[in-house]
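Participant: Each chain, letter by letter, is given below.
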Amino acid sequence: MSDESQKGYDKAFDNVLRLRIMSILMVNERYDFNSFKALLQVTDGNLASHLKHLEQAEFIRVEKSFASRKPLTTYVSTDKGRKSFQAHLDFLEQLIRQNKAS
Amino acid sequence: MRFSIIYFEFQSTFKMKTPEEELAEIKSMMERSTRFLSLSGFSGMLAGMYALAASVTAWYWIYFPSSSWGTGSDTLSFRELVNRLLLLGLATLIAAVGTAYFLSKKKGSAVTHPFWSPASKRFLQSLFLPVALGGFFCFALLHESAFELIPAAMLLFYGIGLVQSAQFTLGKIKNLGFTQLLLGLIAAFFPDFGLLCWSLGFGLFHVIYGTLMYFRYER
Chain R
-16 MSDESQKGYD KAFDNVLRLR IMSILMVNER YDFNSFKALL QVTDGNLASH
34 LKHLEQAEFI RVEKSFASRK PLTTYVSTDK GRKSFQAHLD FLEQLIRQNK
84 AS
Chain P
13 MRFSIIYFEF QSTFKMKTPE EELAEIKSMM ERSTRFLSLS GFSGMLAGMY
63 ALAASVTAWY WIYFPSSSWG TGSDTLSFRE LVNRLLLLGL ATLIAAVGTA
113 YFLSKKKGSA VTHPFWSPAS KRFLQSLFLP VALGGFFCFA LLHESAFELI
163 PAAMLLFYGI GLVQSAQFTL GKIKNLGFTQ LLLGLIAAFF PDFGLLCWSL
213 GFGLFHVIYG TLMYFRYER
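Same order as they appear, the protein sequences are chains R and P.
Note that the first sequence covers residues -16 to 85 in my numbering.
Note that the second sequence covers residues 13 to 231 in my numbering.
Simulated from the structure, these hints should not be mistaken for laboratory data.
None of the hints are false.
Computed Cβ-Cβ distance ranges for the label pairs, DEER-style:
1. Gln77/R x Lys184/P: 30 to 38 Å
2. Lys83/R x Leu145/P: 47 to 55 Å
3. Glu32/P x Lys35/R: 25 to 33 Å
4. Asp73/R x Lys186/P: 24 to 32 Å
5. Arg80/R x Leu136/P: 36 to 44 Å
6. Arg96/P x Lys53/R: 42 to 50 Å
7. Arg228/P x Val10/R: 21 to 29 Å
8. Gln24/R x Val109/P: 24 to 32 Å
9. Arg228/P x Lys83/R: 27 to 35 Å
10. Val109/P x Lys53/R: 25 to 33 Å
11. Lys66/R x Gln179/P: 24 to 32 Å
12. Lys20/R x Leu136/P: 17 to 25 Å
Here are the simulated lysine-lysine pairs, DSBU-like style, with alpha carbons at most 35 Å apart:
13. Lys117/P x Lys39/P
14. Lys39/P x Lys118/P
15. Lys184/P x Lys66/R
16. Lys20/R x Lys39/P
17. Lys118/P x Lys35/R
18. Lys186/P x Lys20/R
19. Lys53/R x Lys119/P
20. Lys35/R x Lys133/P
21. Lys184/P x Lys83/R
22. Lys35/R x Lys117/P
23. Lys118/P x Lys47/R
24. Lys29/P x Lys63/R
25. Lys53/R x Lys39/P
26. Lys184/P x Lys118/P
27. Lys39/P x Lys184/P
28. Lys29/P x Lys66/R
29. Lys39/P x Lys186/P
30. Lys39/P x Lys47/R
31. Lys184/P x Lys20/R
32. Lys20/R x Lys133/P
33. Lys66/R x Lys186/P
34. Lys63/R x Lys39/P
35. Lys117/P x Lys133/P
36. Lys119/P x Lys186/P
37. Lys39/P x Lys35/R
38. Lys63/R x Lys47/R
39. Lys20/R x Lys53/R
40. Lys133/P x Lys119/P
Small disclaimer: the values here were computed from a predicted structure and weren't measured.
For every residue, glycine included, the Cβ atom is placed at its ideal position computed from N, Cα and C.
Take these sequences, add in the hints, and give me the full structure.
Facilitator: Okay, here's the thing in structure tokens:
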């Protein structure tokens, strides 16, 4: 497996849940934990671990605040995350083009 | 071909997916997180029917027994007429909004879309501002006795609200908004046809668009 073949491919997105989280953060300025949970239909623990994974990769940033005295955890995509996601999209497009050509 | 085989090896650890499927998945997530897709088309049909019933009633009060759209009769005292029309309008509004709320909530839970989401909040906010301002503006028109312009104002403000909020829900709503704006302008220049334009915009076109949405997205 050469480096060339992996160009644009990011391991962070080989999990479907992380891919979904990142898709949502590409088009929403910010998104909170509970809304993620409701839309993605996953458990707290599962969601939290994948969010943590993306946070450690510095693809997303956590912002904690209070909304009417309740803690509110929102997530924002970073420049690095958006670039990696775009590269991943380009990679997918390239794959589709190659499959069509062959 | 070689690249995609490598790619499938990666993916197979989780779930087999073609790049086409993955792109479709990304697109669907982007749509579902930004647009309020549970808006019920069927409730649009019902709202249109309420509006048609209300406008027939209003026509009866204002114009009967004369059948023309232009001249009124004096069977009701003026004050009584205004009070009745206000009540009728409020009842229609409450019935239409209530139906939309319950049916959208039902549709949302059927497809496990959360009803109260960042997308639905954005949709309601963008619709609420023009519509609420339009409501106050209509009360101002009422206060200033410019009754003939009220249908036009309702159509125009509602049309603006729909065009603005279309990007946060089913996109076709935008065309309904433009239809309301066109009818609103006609009603503004030809106030004699105000009630007719109102019943077309809030009644007939709600039924038409509601039916379209229903067959397009709900079946």
